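*Asks:* One-letter residues, chain by chain:
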Amino acid sequence: MRLYGKYFVIHLKSVMVYKTSFLLTCIGQFLVSFNVFLGVYFMFQRFHVVEGFTYNEALLCFGITLMEFSLAETFARGFDLFSYIVNKGEFDRILVRPRNEILQVLGSRMEFSRIGRIFQAIVMFAYGFAVSDVSWNLLKILTVILMILGGSVVFGGLFLIYASICFFTTEGLEFMNIFTDGAREYGKYPVCIYGKRVLQLCTFMVPYALIQYYPLLYLLDRGKAYYSLLPVVACLFLLPCLLLWKLGVRHYTSSGS
Amino acid sequence: MRKYLAFFRLRFSMGLQYRAAALSGVITQFAWGVMEILMFRAFYRADAEAFPMTFQATASYVWMQQAFLALFMVWMMENEIFNSITDGNIAYELCRPVDIYNMWFARSLANRLSRAVLRCMPILVVTIFLPAPYGLMRPVSFSAFLLFLLTLFLGLWVTAAFCMLIYMTCFFTISPMGVRMVATSVVEFFSGAVIPLPFFPDGFRQVAALLPFASMQNVPLRIYSGDLAGKEMWQAVSLQIFWLFALTFIGKLLNTLAMKKVTVQGG
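Chains A and B, in that order, are what the protein sequence lines are. Just so we're aligned, residue 0 is where the first sequence starts under numbering that gives the first Met the number 0, counting upward by one. Just so we're aligned, residue 0 is where the second sequence starts under numbering that gives the first Met the number 0, counting upward by one.
Hints were generated in silico from the structure; no laboratory data involved. Small disclaimer: the values here were computed from a predicted structure and weren't measured. Keep in mind that a hint or two might mislead.
Partial list, computed: chain A residues near chain B (C-beta under 10 Å) [stated by the list, open to error]:
no., residue
1, HIS10
2, SER13
3, MET15
4, VAL16
5, SER20
6, ILE26
7, GLY27
8, PHE46
Glycine residues also receive a C-beta, built at the ideal position from the N, C-alpha and C atoms.
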């Protein structure tokens with residue numbers, strides 16, 4: 000953990016050297032997800048309600064999903080660029096060091112410009128929070144925190160899978176985008192609007208619904224109390240991801256430089 | 000002209016080489032298309048009256064968008080060009096007896112076309128057999144189909160001309176990141192990549208329709224499904240032609256300006 004703290008400080012310092020560039024990319028990040036927000040806004044201007052969810056409720060959901068994703072992306076960015084590490088043969092260097100490989104890959108890159116996105120997520124969430132007529136209590140606030148933590152873990156797991164695949168293909172595979180960027184993109188609405196089939200897939204295969212739809216129902220007083228604990232269950236998703244990673248490391252053959 | 004055609008051919012056949020990447024891309028695009036259509040279905044169920052296009056036209060719009068993604072996505076810009084400006088390799092390109100603008104333009108067209116050719120077929124073939132409201136519909140009429148092809152090409156031309164503007168500004172700013180990000184998100188929204196233009200609220204929509212961004216994917220995709228027809232359609236086509244000339248003109252102007260003060264970076 001102390002090592003990770005060191006990595007964190009180093010990356011923060013290196014970003015701060017180029018302050019203007021950093022600021023610009025932050026604004027860029029903000030704008031990019033602002034697009035999606037504008038899309039949601041326009042759709043609700045026209046339709047008002049979808050599957051029983053109002054604009055404010057959808058916004059709450061979008062804000063949380065975006066925050067989960069951006070947090071995961073900020074810290075797990077190293078996995079996202081892992082194909083590069085494997086391609087260049089830099090993974091050899093990581094293997095010979097007497098530290099955990101995952102920690103080192105995590106530390107190889109941190110993307111602070113995602114703060115733009117996180118900022119937007121906070122704004123959207125705060126707005127949804129303010130206008131929605133959710134009666135907040137301690138348990139609900141705890142649920143939100145669990146959602147954010149669980150969500151970051153699930154997205155982190157997906158990044159881990161993405162990286163593990165690189166061991167076998169040396170290239171990152173584009174179709175993994177469906178699970179990461181796609182989930183962010185389509186997580187703007189509660190999962191149930193995509194129909195029953197998708198909801199099932201998102202419950203049992205990749206647990207998006209556990210970190211988004213079910214706890215949200217609880218927040219809106221429509222679900223059972225145990226729904227609030229589902230994000231914790233979702234964290235189990237990390238186990239198969241770690242297994243795949245271990246398998247990948249064993250399979251790894253250096254690609255030279 | 001011949002040398003630009005040669006550039007075009009070279010890039011085109013180069014692009015055709017990446018077949019595995021294309022396959023992976025096609026799978027991704029299917030998934031995105033399915034999710035997009037499911038989303039529209041939910042809204043359609045919520046309030047069919049408020050739906051500004053027929054559901055089938057919307058589904059076709061989504062599939063066409065996925066099939067021809069490579070033609071219209073502004074974020075698919077060429078890093079090679081940006082790199083050559085920032086690292087100074089531009090010097091080699093300047094030595095050649097060709098016009099930089101025309102050469103890059105030919106290159107962009109070829110790259111986009113080759114990617115689209117590889118990727119569009121599987122999507123088009125599969126989606127046309129999907130059950131009625133969800134699949135790709137057949138074009139409303141033969142003349143609409145011909146016009147669709149024409150405007151598809153015009154739209155591609157406008158998109159490429161717009162990207163040229165961004166390449167050219169890189170001569171002045173050197174670091175392309177900021178301009179690029181802002182431009183990409185603006186174009187993405189106003190061209191109808193996030194939600195189709197008819198879904199914009201009144202007032203906002205009319206203004207958006209006049210912008211060059213509406214002349215990209217918006218026109219051909221909506222002509223295909225018959226959503227854009229009659230007088231409105233001809234207006235859109237003439238606007239496309241106008242923007243094509245305007246953007247190309249501005250691009251060339253920037254090009255001459257940039258060539259006058261070009262500094263070769265690096266070493």
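*Asks:* Report holds or violated for the interface hint on SER20 of chain A, using the least CB-CB distance to chain B and a cut-off of 10 Å.
*Replies:* Cβ of SER20 of chain A sits 7 Å from chain B, so the hint holds.
*Asks:* Quick check on the hint: HIS10 of chain A CB to chain B CB, less than 10 Å?
*Replies:* Given a least distance of 18 Å, the restraint on HIS10 of chain A is violated.
*Asks:* A closest beta-carbon separation below 10 Å is what the hint needs, so does PHE46 of chain A meet it against chain B?
*Replies:* holds, 5 Å
*Asks:* Does the interface hint hold: is ILE26 of chain A within less than 10 Å of chain B, judged Cβ to Cβ?
*Replies:* With a closest approach of 8 Å, the ILE26 of chain A hint holds.
*Asks:* Go through the hint on VAL16 of chain A and say holds or violated, using the shortest Cβ distance to chain B against 10 Å.
*Replies:* This interface hint is violated because 14 Å lies over the 10 Å limit.
*Asks:* So, MET15 of chain A near chain B? Judge it on the closest CB pair being under 10 Å.
*Replies:* violated, 17 Å
*Asks:* Do the numbers back the hint for SER13 of chain A, that is, is its least Cβ distance to chain B under 10 Å?
*Replies:* Check failed: Cβ of SER13 of chain A comes no nearer than 16 Å to chain B, outside 10 Å.
*Asks:* Quick check on the hint: GLY27 of chain A CB to chain B CB, less than 10 Å?
*Replies:* With a closest approach of 3 Å, the GLY27 of chain A hint holds.
The structure shown violates the earlier hints numbered 1, 2, 3 and 4.
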